[in-house]
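**Student:** In case you want the letters, here they are:
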Amino acid sequence: GQQVMQIPQYQHVQEGEDFTTYCNSSTTLSNIQWYKQRPGGHPVFLIQLVKSGEVKKQKRLTFQFGEAKKNSSLHITATQTTDVGTYFCAANTGGFKTIFGAGTRLFVKA
Amino acid sequence: DSGVTQTPKHLITATGQRVTLRCSPRSGDLSVYWYQQSLDQGLQFLIQYYNGEERAKGNILERFSAQQFPDLHSELNLSSLELGDSALYFCASSVGQGNGYTFGSGTRLTVV
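Chains as they are written, first to last, in the numbering used here: chain A, 0 to 109; chain B, 21 to 132.
What the hints contain is simulated information worked out from the structure, not anything from laboratory work. All values reported here derive from a predicted model rather than from experimental measurement.
Just the calculated beta-carbon pair ranges, DEER-fashion:
#1 71(B) <-> 29(A): 17 to 27 Å
#2 39(A) <-> 132(B): 19 to 29 Å
#3 102(B) <-> 58(A): 41 to 51 Å
#4 38(A) <-> 28(B): 14 to 24 Å
Each residue gets a CB set at the ideal place from its N, CA and C atoms; glycine is no exception.
Produce the complete structure using the sequences and hints provided.
**Tutor:** Next comes the structure, spelled out in structure tokens:
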């Protein structure tokens, strides 16, 4: 069945450093979504990528969808303490099921 | 407030018992999804409904069942509860397939 691998599992950074999380699928994706879950909170939708090679930016966040539509990344420039949380990718192959990655938990030290 | 309402927020019950979790989707959303999140773990997909019909099933135990009613609210029934069922249960909704999900605040279930 479809698998979504997300790495790294954890990342500790100093405030101001950059951070990247990667999501890889075993199958070609229809779209991929990214979510952020703050500690004690619920996942919040960040963005959806649909096109091959697509790059989208939201302030300090840059999202990329691979050319083969099998991988994606989220890059945060100059992390802040407000970036703390778990970042999930969610992959859809065009069916009714969206599979979430295990998430990358980001710790930011001030 | 995300627009997705889940009740109750917390639930403590004994092993062997049965509970019902309720979810009201965001206005206009026809799809409802249920996810289970164990402590510091990922989101395990349980089941999806679209406009009252079951559309996809994940790793949902036979002891668990769900339904979506004509008014689009959904209920997740968990029976013969075990200690390992303790988790956060999230409901999410979306307009349709392939759109971003709006999650509720979750129900924290503790089985003792």
